[in-house]
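J.: Residues per chain, in single letters:
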Amino acid sequence: MNKFSRRRLLATGLGTAAGASGLAVALHLADQYGLIPPDHGGIYGVGETLTYASQRLLMSQGSAAREFDRSQISKVFQVNGEPPKGETFQRLRAGNFAEWRLTVDGLVARPASFSLAELKGYPSSTQITHLACEEGWSFIAEWTGVPLSHVLNLAGVLKHAKYVVYFSLDPGWWDSIDMPEAWHPQTLLTYGMNGQDLSVPHGAPVRLRVPRQLGYKNVKYLSRITVTDNLKKFGSGLGSAAPEFGYSWYAGI
Amino acid sequence: MADTTYLPGLSIRDSDAPRHSSIVRVTHWINTLSFFGLLVSGIAILISHPRLYWGETGSVGTPSLIDLPIPFVLKNQNGWGRYLHFLSAWVAVLNGLLYVSSGVLTKHFRKDLLPAKAELAWVSFSRAVVSELRLRRRSKDESLTYNVVQRLAYPMVVFVLFPLVIWTGLAMSPAITSVFPALVNLLGGQQSARTIHFFVASALVLFLLIHVAMVYLAGFTNHVRAMITGHSAARKGNA
Numbered sequence: 001m002n003k004f005s006r007r008r009l010l011a012t013g014l015g016t017a018a019g020a021s022g023l024a025v026a027l028h029l030a031d032q033y034g035l036i037p038p039d040h041g042g043i044y045g046v047g048e049t050l051t052y053a054s055q056r057l058l059m060s061q062g063s064a065a066r067e068f069d070r071s072q073i074s075k076v077f078q079v080n081g082e083p084p085k086g087e088t089f090q091r092l093r094a095g096n097f098a099e100w101r102l103t104v105d106g107l108v109a110r111p112a113s114f115s116l117a118e119l120k121g122y123p124s125s126t127q128i129t130h131l132a133c134e135e136g137w138s139f140i141a142e143w144t145g146v147p148l149s150h151v152l153n154l155a156g157v158l159k160h161a162k163y164v165v166y167f168s169l170d171p172g173w174w175d176s177i178d179m180p181e182a183w184h185p186q187t188l189l190t191y192g193m194n195g196q197d198l199s200v201p202h203g204a205p206v207r208l209r210v211p212r213q214l215g216y217k218n219v220k221y222l223s224r225i226t227v228t229d230n231l232k233k234f235g236s237g238l239g240s241a242a243p244e245f246g247y248s249w250y251a252g253i
Numbered sequence: 254m255a256d257t258t259y260l261p262g263l264s265i266r267d268s269d270a271p272r273h274s275s276i277v278r279v280t281h282w283i284n285t286l287s288f289f290g291l292l293v294s295g296i297a298i299l300i301s302h303p304r305l306y307w308g309e310t311g312s313v314g315t316p317s318l319i320d321l322p323i324p325f326v327l328k329n330q331n332g333w334g335r336y337l338h339f340l341s342a343w344v345a346v347l348n349g350l351l352y353v354s355s356g357v358l359t360k361h362f363r364k365d366l367l368p369a370k371a372e373l374a375w376v377s378f379s380r381a382v383v384s385e386l387r388l389r390r391r392s393k394d395e396s397l398t399y400n401v402v403q404r405l406a407y408p409m410v411v412f413v414l415f416p417l418v419i420w421t422g423l424a425m426s427p428a429i430t431s432v433f434p435a436l437v438n439l440l441g442g443q444q445s446a447r448t449i450h451f452f453v454a455s456a457l458v459l460f461l462l463i464h465v466a467m468v469y470l471a472g473f474t475n476h477v478r479a480m481i482t483g484h485s486a487a488r489k490g491n492a
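These protein sequence lines are chains A and B, in that order.
Going by the working numbering, 134 is the number at position 134 of the first sequence; the sequence numbering is gapless.
Going by the working numbering, 406 is the number at position 153 of the second sequence; the sequence numbering is gapless.
Honestly, the hints are just simulated from the structure, not real lab data.
The hints are all genuine.
Distance condition first, Cα-Cα at most 30 Å in a straight line; then the derived DSSO-like pairs of lysine-lysine:
(1) LYS233(A) <-> LYS328(B)
(2) LYS328(B) <-> LYS85(A)
(3) LYS328(B) <-> LYS232(A)
Partner residues aside, some chain B positions facing chain A, computed with beta carbon under 10 Å:
(4) ILE298
(5) LEU299
(6) PRO303
(7) ARG304
(8) GLY308
(9) ALA342
(10) SER426
Taking CB as the label site, the calculated pair distances span:
(11) GLY41(A) <-> LEU347(B): 18 to 24 Å
(12) VAL458(B) <-> ARG70(A): 36 to 42 Å
(13) VAL357(B) <-> GLY34(A): 33 to 39 Å
(14) LEU286(B) <-> GLU99(A): 55 to 61 Å
(15) GLY172(A) <-> ARG363(B): 57 to 63 Å
(16) GLY42(A) <-> PRO322(B): 32 to 38 Å
(17) LEU459(B) <-> GLY235(A): 40 to 46 Å
(18) LEU350(B) <-> GLY195(A): 43 to 49 Å
(19) LYS370(B) <-> GLY34(A): 53 to 59 Å
(20) LEU318(B) <-> PRO201(A): 23 to 29 Å
(21) GLY41(A) <-> PRO316(B): 38 to 44 Å
Here a beta-carbon is modelled for each residue, glycine too, at the ideal position from N, C-alpha and C.
Looking at chain A on its own, in the form it has when it is part of the complex (with noise of 0.2 Å):
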């Protein structure tokens, strides 16, 4: 081996070290502060871990989706999905969601359920905002709830806490966001859409609007939130219902 082949061979060896430290450092980095996905697993996790992690660093300033005229609200709100065929669905539609709670649980000090009414009674929040389905159709429409963050301070989120999982009434749908999106004001607890109470289409008695992501994130027939440190308890561990179906956990796209 001669002088320069050697200094060569060192060179590499040494640049791929130093490259391989680097991307751990990074890795471990990006890890704490919330910048890895949960399905950052094989090889389209790495364009799913790139897109979350440059959008969360973009959107840390707390950024909010566009809001539009009330003159630019659809005409047309398409419906994707049918309500829950379940009986206990059935009986609280009958009964008007009067009997329908909401669960809080989780990593709160104070483990709670809201009833209907009480979260009517609360601040409320309207904003005229763009829903876009995954499929490519989307609509305008206004939407009248109250903040996540607000029911969040009630039960009292505790610190080490990362994520807020969702469950619909609908047993196969749930979801989950990281803590930035769950205390962004634009994320609400709807209960109204264009003036009137949530239709039972749109996702009666309640819908999660998180109008920085997708339709899909926007889980409807809402029962229960959870929050956690770890999605890894949840489902098939990667924080949605969505990708076990082949779908990203993050939707901001």
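Assemble the complex: chain A is given as a structure, and chain B must be docked to it using the hints.
T.: Positioned in the frame of chain A, the structure of chain B alone reads:
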């Protein structure tokens, strides 16, 4: 050219100066792969709702701009479609940044890719276009540089179509537009962005088809070899 050595079946300008630099060759093939990923996944995403709209919104039951002659698929393919689309997009964008910054730093764009003023004069330009349209085979010397049609088409793809397709792609993201609302407002709305994204992607596919056809007509093996090894033909001595 004084430094051209002519061997039977070979044309070598300078045995050490490659036709394409190594960075151009590597980024070309990475781009090929990522473009293929983007195209396949883009089609998968499109066919779950093959209607295009103008403005902010659009859905079944609202007037469309164009109904693509594709049936709505019942089981949509957007899961892997989006994962692959964004993975490929990251590869394409990072690879594209490498290509563009090296092209600027090495003056590759200025020297080889941008048309000279004289070439844009009407007579010489029309002669080049007619010659392309006649599918005339180019001489060995000509095929060592880019002609004016290529010097217009390549910068158009690199500096207009790719930036546009990235812009319109980002403009569909509610998270990105929460930070940069102008990205989508300038285009007239989220559905307009989706529609423009489709047409720019179609223009890129059209470019790809013409590009491959031209390579085929100009001598497929030789040109593909040049884009892999850097040399149009085997090096002197290695032949």
